[in-house]
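From first to last, the protein sequence lines are chains A and B.
Just so you know, we're using our numbering here: the first sequence kicks off at 1 and counts up by one.
Just so you know, we're using our numbering here: the second sequence kicks off at 1 and counts up by one.
For the record, the hints were derived by calculation from the structure and aren't laboratory data.
Please note: incorrect hints may appear among the correct ones.
[Unchecked claim] Partner residues are not named here, just some residues of chain A that face chain B (Cβ under 7 Å, in silico):
# : residue
1 : L183
2 : P185
3 : L204
4 : F261
5 : K298
6 : I391
7 : L394
8 : A414
None of these values were measured; they are calculated from a predicted model.
Where a beta carbon is used, it is the ideal one built from N, C-alpha and C, also for glycine.
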Amino acid sequence: MATAIKSQPLREPLDFAGANFLAILYAAIILVAFIFMPWMWTEIKYSGARLMSDVLTGGSLKTFSTWQIVFIPVSALLALGAGLWGLMAPHRGALASVLAAAIGLMGLVYYIDLYWVREGEVAEYIRANLGAGADLTLVALVGLVAQTVLLLPPVNILAQRLGRRASALRPPVPQKWTPYLFLLPALALYLVWIIGPTVYTFYLSLTDWDGVSTPNYIGLRNYRILFSQSALTESLGNNLRWLVAFVTVPTTLGLGLALIFNTDMRGGRWYKVSFYSPLVLSWPVIALVWAWVYHPSKGLINSLLIQSGITSDPPGWLADRNLAIYCIIAAATWRQVGYVMVLYLAGLKNLDPTFIDAGLVDGANRWQLFRHVILPLLAPVTTIVFIISVIDSLRSFDLVQVMTRGGQGTRVLANYMYIEAFNNYRMGYGAAIAVVLFTISIVFVGLYLWRSLKDELEY
Amino acid sequence: MATLAKPHAASRVGPLATRKHINSAAKYIALTLFTLTWLLPIFATLLTSVRTMDDITLHGFWSLPSKFAIENFRNAWVAARVRQYLLNSFIITIPSLLGMLFLASLSAYALARFKFRGNLLIYFMYVAGTMLPFQILLLPVFRLTNRLGLYDTYGALILIHIAFQLGFCTFVMRNFMRTVPGEILDAARVDGCGEFRIYWQIMLPLSLPSLAALATLEFTWVFNDFLWALILLQSDSLRPVTAGLATLQGQYVTDWPLITAGALLATLPTVFVFVFLQRYFIQGLTLGSGK
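With these hints in hand, go ahead and build the complete structure from the sequences.
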């Protein structure tokens, strides 16, 4: 394109990517300011998002009306969308830029009204308490409107020329830096929020941190106490039970169901949907649903047992120390089966049918076909299923937290950590439990990475 | 590819299917019974949510409701604040989704399309990060948000969701972007198109299928998160619906119709996504295991 421009200096094409990019930038600034910055008072938690939530649900802050507060995030999202659309569909770039500016103009009118025009007690109050987020938004709104000047042909061409001149003057970014520039924003966030904390957990586990005061280094004392506690054995045992259940039940049941539903059967879709619908339920919802099923006197199971006369003294399920953990694991399995089934169904769909035809020609019966043809071909899926099962079982927390709060001998490692850290304020000790959890899971993660590293290097 | 394999599959199963023909009816009955039993907890929840606790106590669980008590839903929506909790969930989920998809697609483009020192290392760092139990991050992140003054704000949750899901999103998008033919990108490069522009105007539009699947899946994941909300938020007015349900359960301990009504309301957005974007949801689930 550069050469084409040079050969026809009189008819330079207009380029709206710059305007659209600026629109996205300003809209993003508004959105970020709305969520992260204080809008009223000076505390960070009084962000625009907090105000919006309070106003919409009839909370204590009645200083804004509904449409006033919804206006800001919705219009920011719309301007963001307009900019994105303009960038992805360059021939509509000018229209997208005008749309974004129109939204910005509405915002400006709203702000001028709020800042200077409106009168009355509420308006005075708002003006007196506007925080940094509101100021920043005003600036971004001006920018959002101002980016339209790039649509005027002289300005647009001038900006393009300036841009070219600047890039000609400035030493070009070396080619080898480009990928790092793409990676930088995500990596920075990842280092601060994921990698750093992972390392910091190890340090915290060597301290007596209580969540408020500064952590003091106490060496391995947390670990010495931890390994002498029966609570650790209980949690580890429960994690292990969970793991064994997850590796066996959903895998076999999921595979079985996938084999059944893989054939073209009438209404097969509805059966499939029935089995994977629990996947959209959140863990707390599943916990509540099953806690009600297990309810000792009025729940689904026990009222069936009593009313049908099978027994007058049914088990207490979650109230029974010996049964509680198995009840929770059963609820978890109920959700997991659908997931495994989806994975196996996808695996079966990708199987090369010629292998199966060959098996049929050789006169294999259905069991032999399954055992010697289908199962080996599904081995990669089985590995994934196995790894997912292990990881999910180590991650278990929500069900136990909602169903028993860790009582009745149902603690898993994550709950043990949560209870110690946030109920007993022994955060250092909690970190030691986290390190144990980390050590166990890194074995499985390592196995998986090693396997996929081989794939990558072959690729 | 799936549509190509279909006719094969049908012809292959043909002889087996005829043999099974006699058992077919029995198979359907058994399957239907099994499926209905499987869904029994959901039916129980639906049924309970329109009854009153007195009715259940008096007539037992296995009885027809004496009265259709729709007010459970009204009470859960307003008095038990499910309305507020749901709104909070959306305030947290939508910016998280935008942020993670944007940042992950940037990284994925670099990892999929450039050869440079540390490429595989960074890729595997992301993969390892998604697989570790995130519970090990709880305490340091709790301290970090306190130090940054972000504790008890939406911002803390949004940032940790973006950061934690970056790994999975990058993993999926990187593998998808590798399948885009390089000729298209090279052609643009020859025309003097800058790298960022190639990413925006060529790679991103081509990646829309994987973006859609990812967005659907991540929506349900972030929306359904419970632990982070439990740790990083204190004010009841900020809680997303998952943590809100736990509060609600503590508050209305014995009022199961109200609790189940709340749980059903809390599920509506994800069910909506599931019903209308089911294809993408299922694609998303299998994306991660595609390799």
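Consistency of the hints with the structure:
no.: 1; hint: L183; result: holds, 5 Å
no.: 2; hint: P185; result: holds, 6 Å
no.: 3; hint: L204; result: holds, 6 Å
no.: 4; hint: F261; result: violated, 9 Å
no.: 5; hint: K298; result: holds, 6 Å
no.: 6; hint: I391; result: holds, 6 Å
no.: 7; hint: L394; result: holds, 5 Å
no.: 8; hint: A414; result: holds, 4 Å
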